[in-house]
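Novice: Chain by chain, the residues run as shown.
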Amino acid sequence: MSTGATGGSAATASDIEDVESFRLRARNWIRSNLAPLSADALVGVMRASHSDEEELASIARQREIQRMFFDAGFAGICFPKEYGGQGLTPEHQAAFSEEISGYEYPSEIQAPTFSPCAAVLLDFGTEEQKRQHIPAILKGEELWMQFLSEPSAGSDVAAALTTAVRDGDDWILNGSKIWTTGAWWSDWGLVLARTNWDVPKHRGLTVFILPIHQDGIEVNRIEMLNGNKEFCQEFITDVRVPDSDRVGNVDDGWTVGTRWMFHERMLHNSPLVTIPKGGARGSIRAAHLVEIARDAGRLDDPLARDLIGEGRTLDVVTHALQERIAVGLRSGRIPDQSAAVGRLFTGVVAARTTTLAFEIAGGTGAAWEDADGATAECGNDYLLRQVSCIGGGTTEMARNVVSERVLGMPREQALDRGVAFRDVPRGGSSRR
Amino acid sequence: MLLELDADQEVLREATARYLTDRVPVDRIRALRDDPAGFDAGYWQAGAELGWTSLLVSEEHGGGSISGSPLVDLTIAAYEFGVRSAPGPLASANVVAAALSAAGGEAHLAVLEALLAGETIASWAHTEPAPNDRLGTVTLTCRVDGDEIVLDGVKRPVESAGQAGYLLVTGRAEEGLTQVLVPTDAPGITITPLKTVDLTRRFSTVRFDGVRVPRSAVVGELGGAAEQVERQLQIALVILTAESVGAMQTAFDLTVQWAFERYSFGRPLASYQELKHRFADMKSWLEAAHAISDKAAAAVDAQSPDAAELVSIAKAFIGDYGSELLQDCVQMHGGIGVTFEHDLHLYLRRVVLDRALFGTPAEHRQRIAGVVEHLKERSA
Numbered sequence: 005m006s007t008g009a010t011g012g013s014a015a016t017a018s019d020i021e022d023v024e025s026f027r028l029r030a031r032n033w034i035r036s037n038l039a040p041l042s043a044d045a046l047v048g049v050m051r052a053s054h055s056d057e058e059e060l061a062s063i064a065r066q067r068e069i070q071r072m073f074f075d076a077g078f079a080g081i082c083f084p085k086e087y088g089g090q091g092l093t094p095e096h097q098a099a100f101s102e103e104i105s106g107y108e109y110p111s112e113i114q115a116p117t118f119s120p121c122a123a124v125l126l127d128f129g130t131e132e133q134k135r136q137h138i139p140a141i142l143k144g145e146e147l148w149m150q151f152l153s154e155p156s157a158g159s160d161v162a163a164a165l166t167t168a169v170r171d172g173d174d175w176i177l178n179g180s181k182i183w184t185t186g187a188w189w190s191d192w193g194l195v196l197a198r199t200n201w202d203v204p205k206h207r208g209l210t211v212f213i214l215p216i217h218q219d220g221i222e223v224n225r226i227e228m229l230n231g232n233k234e235f236c237q238e239f240i241t242d243v244r245v246p247d248s249d250r251v252g253n254v255d256d257g258w259t260v261g262t263r264w265m266f267h268e269r270m271l272h273n274s275p276l277v278t279i280p281k282g283g284a285r286g287s288i289r290a291a292h293l294v295e296i297a298r299d300a301g302r303l304d305d306p307l308a309r310d311l312i313g314e315g316r317t318l319d320v321v322t323h324a325l326q327e328r329i330a331v332g333l334r335s336g337r338i339p340d341q342s343a344a345v346g347r348l349f350t351g352v353v354a355a356r357t358t359t360l361a362f363e364i365a366g367g368t369g370a371a372w373e374d375a376d377g378a379t380a381e382c383g384n385d386y387l388l389r390q391v392s393c394i395g396g397g398t399t400e401m402a403r404n405v406v407s408e409r410v411l412g413m414p415r416e417q418a419l420d421r422g423v424a425f426r427d428v429p430r431g432g433s434s435r436r
Numbered sequence: 022m023l024l025e026l027d028a029d030q031e032v033l034r035e036a037t038a039r040y041l042t043d044r045v046p047v048d049r050i051r052a053l054r055d056d057p058a059g060f061d062a063g064y065w066q067a068g069a070e071l072g073w074t075s076l077l078v079s080e081e082h083g084g085g086s087i088s089g090s091p092l093v094d095l096t097i098a099a100y101e102f103g104v105r106s107a108p109g110p111l112a113s114a115n116v117v118a119a120a121l122s123a124a125g126g127e128a129h130l131a132v133l134e135a136l137l138a139g140e141t142i143a144s145w146a147h148t149e150p151a152p153n154d155r156l157g158t159v160t161l162t163c164r165v166d167g168d169e170i171v172l173d174g175v176k177r178p179v180e181s182a183g184q185a186g187y188l189l190v191t192g193r194a195e196e197g198l199t200q201v202l203v204p205t206d207a208p209g210i211t212i213t214p215l216k217t218v219d220l221t222r223r224f225s226t227v228r229f230d231g232v233r234v235p236r237s238a239v240v241g242e243l244g245g246a247a248e249q250v251e252r253q254l255q256i257a258l259v260i261l262t263a264e265s266v267g268a269m270q271t272a273f274d275l276t277v278q279w280a281f282e283r284y285s286f287g288r289p290l291a292s293y294q295e296l297k298h299r300f301a302d303m304k305s306w307l308e309a310a311h312a313i314s315d316k317a318a319a320a321v322d323a324q325s326p327d328a329a330e331l332v333s334i335a336k337a338f339i340g341d342y343g344s345e346l347l348q349d350c351v352q353m354h355g356g357i358g359v360t361f362e363h364d365l366h367l368y369l370r371r372v373v374l375d376r377a378l379f380g381t382p383a384e385h386r387q388r389i390a391g392v393v394e395h396l397k398e399r400s401a
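Protein chains in written order, with the numbering used here: chain Z, 5 to 436; chain W, 22 to 401.
FYI, nobody ran anything at the bench for these hints, they're computed from the structure.
Note that this is a predicted model, so its numbers are computed, not measured.
Built from N, CA and C at the ideal position, the CB exists for glycine as well.
Please note that the accuracy of each hint is not assured.
Some chain W residues well away from chain Z (every beta-carbon gap over 12 Å; in silico) [what the hints assert, rightly or not]:
hint, residue
1, G83
2, G167
3, E169
4, D206
5, I212
6, R252
7, K297
8, S305
9, I334
10, V359
Reference listing, derived: stretches of chain W covered by chain Z, where coverage requires no fewer than 3 residues with Cβ under 8 Å from a Cβ of chain Z [stated by the list, open to error]:
hint, region
11, 34-45
12, 145-153
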């Protein structure tokens, strides 16, 4: 299977802009068109700090920035030119990601719109699908969600119960999807659905695309334990999808799904996304640990400094690891499932760093007021600590992938292998 | 280690690997535990011919790198040392060679030449005994007395001091940090061997009681050695961490193999999810260790502004996670993992030794905190 996105075959060395001149052009454009990020914009774990109005305004601004990227020739740096991209190399994307560090950027569009959704379309979409959606994505007109997880199946995504039944030239979808971030302000969904119950689970799945805002799709918002409502659950009832909106072959959805999850794990190494050097939102960074220590009056305390040193160590090592994995994957020197090594390390490090922040905050972690500065909210962050080890595939699944697919250890015993999905034992809450 | 070596680097790696495999197989290393030096002179001399001591020395002094990144080249040899838990004071010897080439001037060329040929060994006398053993603490005094410098103080541990012809001694003069090249047979020097965790590396306490050397023995400027000492520390840390990563890799590979071959309750250890998940964690630590060790080496080579922080990060991370990885490998092996018969302890020893030399992980975390604090102030 080839992807025009990562093959680099569209451009030869002679007809593309060299990386340094591209970098300078990007730097000048970014500085004259984008606002610097406020210092606390990237702080904390899923904080419930925005009103809905603020969130909608933020999304509108992100769509606008994406459109500005498109008009300035910076959208889809590694996307093929025929779909509105720039047809440049991962090195160009890396330069852009470095230059945009410290400035506003369309953070919510990167995942899942560009990777995995647009990446899956590039890999498996029909020519019509790519021409309709990729340019619209690059212009910020379409935000995508992955309709993948279900209430009955978290890690075991191939056990999807959402069903698609053929009806003439259409399919009728029924079921429920969950853990979509911001489905209420998004446009399109990439859906994994069951099309055959009489074969083993991986062989009866098919992938579709559909507009989220239509009759038959009810979007409910999930309240997290700290009041954050960015995740949604969708209830799909008799939704009609034309066969032309099918991605990949009927009952071959797991071929698409495998690649889909590969792109999801690749996120920080993907040449299709812009993630500033220094990290995405949703994690606590070492510099913030310094702020917490200062506001807690502990900056000179050797115990606090030890924790700051640990946080910084893990931070820098994580980036070094991700760079090594990206280089290794590009050159083929490491197994292509090695992105799971980065996913595992990143998740565990983020959880540890949240603990460091809570520890430095001391008693303020338990009870605080807004005037406490950086120490405020560390307690809520800590309550949500495990998010980094759950979202995007649990670290346990990553450990399975690393041990089985990278180290070649024996697969876990599965009671659903070779059994028609209809006959696979299911818990009471997910019986059909 | 780097995922891709250029052709010349691969030649160095291959030559070092082949030589070490031939000269110091594991049985030889076991036998060397009772050897006072830990290796024979011929071993080191032939290694010097492979480039072990010349990579950080300028071309005009008879050295030279193979890729233009001399310290990165040296990490390739250091990694192979770790892979085999090989004998020899690689870090100390290279620190002295680099210092003499960079700051030694004409006065020390003869000694430098002998070091490059492997005819003599020189080591760095930097760390001091507790409670003065914290990173960067120097209390040994260098007093100017006419045309002479008088040294008083104690250094410990000093690697291969019993085998060395010369010691590069870091001390404190009224003018500031000062480094002096001292022959080990100078009157007033007492060398007392120490016990150590490693089978072939040797360490001593070196006492300086009114040791007199001519002023020409100073390396660099009297009182002006601070920058050079920091550079030496960075070089030593890069070599130690690269070596540790090699030892981690061998231990991990041995343990993965063991997990496939060892059966309990009718199935291989590698089929137990509890163990598979620990292997996955170890794999992530191992790859992260490779990554940060290489990044630190490149930064020190390029003398980039973040070099001091990156070597400390590499040392803090590899010190902690390297020794955890080794101990987990021991645990996976069970009883055989703590016997002398099994090879695992050779790599455990090396990682544990390197963890404790030139600053523990906790000391380096303090150093890192100082850097982060100022990063923040700069950007604020």
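Novice: Does each hint hold? Answer for all of them.
Specialist: These are the hints, each one checked on the structure:
no.	hint	verdict
1	G83	34 Å, holds
2	G167	44 Å, holds
3	E169	41 Å, holds
4	D206	42 Å, holds
5	I212	35 Å, holds
6	R252	21 Å, holds
7	K297	4 Å, violated
8	S305	4 Å, violated
9	I334	5 Å, violated
10	V359	24 Å, holds
11	34-45	violated (count 0)
12	145-153	violated (count 0)
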